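Colleague: Each chain, written out:
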Amino acid sequence: MFSEYAVVIIFLVITIAAISPSGLSLTYIIQELITRLGRNSFLVISLLLPIYSGMGLNFAMSLGAMAGQIGLIFAVDWSVAGWQGLVFALLIGLPIAVFLGWICGKVMNKAKGREMVTGYILAFFINGIYQFFVLYMMGSVIPMRNASILLSRGYGIRNTLNLESVRQSLDTIFMLKLGGFDVPVVTLIIIALLCVFIVWFKKTKLGQDMRAVGQDMTVAEAAGIPVEKTRIVAIIISTVLACAGQLIFLQNMGNLATYNAHDQTSFFAAAAILVGGASVTHASIPNVFIGVILLHAMFIVSPLAGQNLFGSAMVGEYFRQFIGYGVIALSLVLYAWKSRKAIFNSRSDLRGGAAGKGKDEGGQA
Amino acid sequence: MRNNLKTFIQDFGWPRIIIFLFLVSLFVLAPFVGVRLDASLSDCLNRFGQYAILVLALVPMIQSGCGLNFGLALGIVAGLLGATVSLQLELRGFWGFFGAIAFATPFSVIFGYFYGKLLNKVKGEEMTIAMYVGFSFVMLMCIMWLVLPFDNPTMVWGYAGKGLRTTITVEGYWLKILNDFLAIRIGRFFVFPTGLLLFVGACAGGIWLFLRTRIGTAMTAVGSNPDFARASGVSADKMRTTSVILSTFLGAIGIIVYQQSFGFIQLYTAPSPMVFPAVAAILIGGASVNKASMINVLVGTFLFQGLLTMTPSVINSILQTDMSEVIRIIVSNGMILYALTRKVKVSK
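Taken in sequence, the protein lines are chains A and B. Basically my numbering = 1-based index in the first sequence + 78. Basically my numbering = 1-based index in the second sequence + 554.
None of these hints come from the bench; they were simulated from the model. Mixed in with the good hints there might be a few duds.
When the alpha-carbon atoms are kept at most 27 Å apart in a straight line, the in silico DSS-like pairs for lysine-lysine are as follows [as the list claims (entries may be wrong)]:
#1 B/Lys560 <-> A/Lys184
#2 A/Lys416 <-> B/Lys560
#3 A/Lys419 <-> B/Lys792
#4 B/Lys671 <-> A/Lys419
Chain B stretches covered by chain A per the calculated footprint, using a threshold of three residues with CB under 8 Å from any CB of chain A [unchecked claim]:
#5 675-686
#6 696-710
#7 868-880
Computed from a predicted structure; not experimentally measured. Virtual Cβ for every residue (Gly too), placed ideally from N, Cα, C.
Build the full structure now, drawing on both the sequences and the hints.
Modeller: Structure below.
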């Protein structure tokens, strides 16, 4: 029982304990939370479908993020400003995201049972290709119009790209003043629409197939569901959503660290959904929002709390990263532990309930 | 003959052959673009020795069926603790170097023990979990480096007087203590790091012998056929824990050897990115997720480090730009990806 909510409870306790030493006002924290909810929720939601399909946390979602960034670079290059710039970036990013998602699905089908670690490495691998593309191809092979975004050597994109032209263009289409807080209505509406889409999608034939595949691949195969294809579709949708999510994230941030903006995308998203109470096999929309709020509440308070408690902001900075990685490790451990126990229990049931020796049980998965 | 060649290629894998041919062509090209062969070869040997033990550290866990040790950072951290303690006590020369290893030993055994216990509880998911356990532990240690009471002035931040620096030089303590031991200098550019290679050889030989002892064989048995191992009375959990401790210990030695050659102790987030190149190297050498030998370690380290040494100098002289970083990312992660997506073959 405790283990189910262990992560949520630990988080709540740490964050509440850190609020007062951080010295931040509650209004500031709430305003930051609203901003970050708009900035991050979309990315976190993109993790849902692969979890339904039994592929675990899609650490390869940064593939989508990279596709979005390429789109954004072109939007800046062609100086398409405002929210139209974001739509333009999405149109360019979309086919790239679909293609990368398809590759990712293919690769993961070859690594069934270890999708997570494979996805993680795949993200690194594609990162190499992304760097090759952006650092060497853009401006030399691919013509760029805007020389100011290029490195001084004449090709390759600058390390940081100023997104002045599209900065918060989505958030500010309609910014509601609600009791002293700025609420980015359009961004939140888009996130709400995505939630509706996810709920609807789960009820479609394809959505049901994904659940079936997630439950048991062999049974699904026997029932005539094209297992591999369904898994590929789940990853493609996840990658495309991550592409759009990264655009929302970046328009809010207002600048693009060309070569490492996507590095920690999957880390923050995975940590958020797990903090929200999801596991490797079960996740829901409430998990997303609870997770984003809890994780980011801690991210907001911990650097200042570290500064005031230990006299060094770095302590808080390291602490929040430690907690982020630790939460992912802890949830993975708890899940693996539980599923091994379940296997063990079902085996001893077969033996007529006798508790077997079973200390060295299990092993191959 | 044709068939032999075909099975050889299948066993060895196309990516490895491509990497091998690429490295050979780099060596062939080097003199034509004005890169000195003897200096490059000397660099290759140096870097080979620098990394070999870190790669060797992966072998025990692969053999015992725990997969690729993405949590090698734990061993590296143990080594960092040993090195910093050795510097704190102002140990110099061989005393300092072996002192560092001695101080790292208890840390690595303790870390390895708990890490091994944890991995026993999560069989089948070791690799992903190892990765995140490693990351979070490195982050925890980042806080420790800031607050631990070290006070050797070469190690702490000058103005605050506390908190370790991000990089600490080992110059004046045990810089190149192995590299220079019995080193043979030929001409102006070529140095043969005898001591370093001897030490690597001794470690590799030790592990080779260990895998042939009773415990070593039991460990391999647990990895390749757990049911058989259980039937013959071997405790899988115990063997796996032993292998994790050994791997962590070797990781600690590996990073200390690396430091004495590299010249600096790198703290804070530095351990995390050291892990993936080691994994890539052993895979390039022909290891798979569940089988590795000394040959895999030695060949793999040489190929991978050779590639990393040669690409910047040769490719840069040809293309006039530095693409080595991108090539490194693509090759190392491509190799890991290749190994992860291959069907796990039943060991012969």
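Colleague: It remains to establish, for every hint, whether it holds in the given structure.
Modeller: Taking the hints in turn, this is what the structure says about them:
1. At most 27 Å may separate the alpha-carbon atoms for a hinted pair to count; B/Lys560 and A/Lys184 meet this at roughly 26 Å.
2. Note on A/Lys416 and B/Lys560: the hinted pairing is violated, with a Cα-Cα distance of about 45 Å set against a maximum of 27 Å.
3. At most 27 Å may separate the alpha-carbon atoms for a hinted pair to count; A/Lys419 and B/Lys792 meet this at roughly 19 Å.
4. At roughly 16 Å between alpha-carbon atoms, B/Lys671 and A/Lys419 fall within 27 Å of each other, so this suggested pair holds.
5. Restraint check on the stretch 675-686 of chain B versus chain A: 10 residues with Cβ-Cβ distances below 8 Å, three needed, restraint holds.
6. Coverage of a stretch by a chain is defined here by at least three residues with a beta carbon nearer than 8 Å to that chain's beta carbons; for the stretch 696-710 of chain B and chain A the count is 4, and the condition holds.
7. Evaluation of the coverage hint for the stretch 868-880 of chain B: fulfilled, as 4 residues show C-beta separations to chain A shorter than 8 Å, against a requirement of three.
Violated hints amount to a single one, hint 2; each of the other numbered hints is respected by the structure.
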